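Given the sequences, and given the hints that come with them, work out the whole structure.
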Amino acid sequence: MEVLFYIAAAVTLLATVRVITHVHAVHALLYLVVALIALALIFYLLGAHFAAALEIIIYGGAIMVLFIFVVMLLGPLAVQQEKSWLRPGTWVGPSMLALVLLGEVGYLIVAGDHLPIEVTETRRKGVSIVLYGPYIIGVELASMLLLPGLIGAYHLGRRVSKESRSC
Amino acid sequence: MLTTHALVLAIMLFCIGLVGLLSRRNILYMLLSLEIMLNAASLAFIAGGARWGQVDGEIMFLFILTLAAAEVSVALGIVLQLSYRFQTLDADAFSEMKG
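Line order of the protein sequences matches chains R and S.
Residues in the first sequence are numbered consecutively from 206, following this note's numbering.
Residues in the second sequence are numbered consecutively from 42, following this note's numbering.
Be careful, since some hints might not be right.
For the chain S half of the interface with chain R, some residues (derived, Cβ under 10 Å), not all of them [to be verified]: (1) 47; (2) 50; (3) 57; (4) 61; (5) 74; (6) 83; (7) 92; (8) 101; (9) 102; (10) 114; (11) 115; (12) 122; (13) 130.
Examples of chain R residues lying across from chain S (beta carbon under 8 Å, computed) [claimed, not checked]: (14) 217; (15) 237; (16) 244; (17) 271.
Treat the hints as calculated values from the structure; they're not laboratory data.
Here the structure is a predicted model, which is why all the values come from computation and not from measurement.
We put the CB at the ideal spot given by N, CA and C, even for glycine.
Okay, structure coming up:
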């Protein structure tokens, strides 16, 4: 079972190196999504099931969608390059890496729930009891962080008009 | 054994992100490198939680996730503003403060 961890780690490293060495933004984002999914598999193998689900839903889903929207919003630069971005050859590399991950998940489903790490009783009870007990101050601080984040994103996300730019 | 190797993987991911942050000049890629580094930190926390059998690692992962979401939304707003004002994403071009 530990072989799965090393394969997923290799996929993560390969995809991450491709992220920082790529020239086109959308290619880099595709590789980053693959890296995040591989990292979620590693979280699962380490026994953190809830974290693995959140990694896919919030990182691979929400945050990457934000990045892709911004790349598409980046003006005329995006329009000219879209044709070359969406060629089928683009998808080969990330698809191969994702297929490796799919094979691992299929093996995990067939082989049953035998994690290489023993999940202890306290971890089975879930994070929410501890999160809303000793860590309640962290939850409050996170809410204080998210509200300025919302206001800041709303303020910065406006499109500047011509007259306000000149002054 | 597995958790030790997960820590090594976290270190390698963090170094890749750091190299990307220092070498790329496109601010979109610098943001992506920041994401990679945040992910490496959360992997280290998860590995630590798995090593000791506690849930604290996953809770720190939740906080890192919140931080990353807030950071990305504000930073992408800044990226949009910079691209409107300067018509480029090159970090060296934003030198109005003569830093």
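Status of each hint after checking the structure:
1. 47: holds, 6 Å
2. 50: holds, 5 Å
3. 57: Given a least distance of 5 Å, the restraint on residue 57(S) holds.
4. 61: holds, 3 Å
5. 74: Status holds, d = 6 Å.
6. 83: Since chain R brings a Cβ to about 8 Å from residue 83(S), closer than 10 Å, the hint holds.
7. 92: Holds, about 9 Å.
8. 101: Nearest chain R Cβ about 9 Å off; hint holds.
9. 102: Holds, about 5 Å.
10. 114: holds, 4 Å
11. 115: holds, 4 Å
12. 122: holds, 6 Å
13. 130: Holds. Min distance 7 Å.
14. 217: holds, 7 Å
15. 237: holds, 6 Å
16. 244: Holds: closest Cβ of chain S sits about 6 Å from residue 244(R), inside 8 Å.
17. 271: With a closest approach of 6 Å, the residue 271(R) hint holds.
When each numbered hint is compared with the structure, no violation occurs for any of them.
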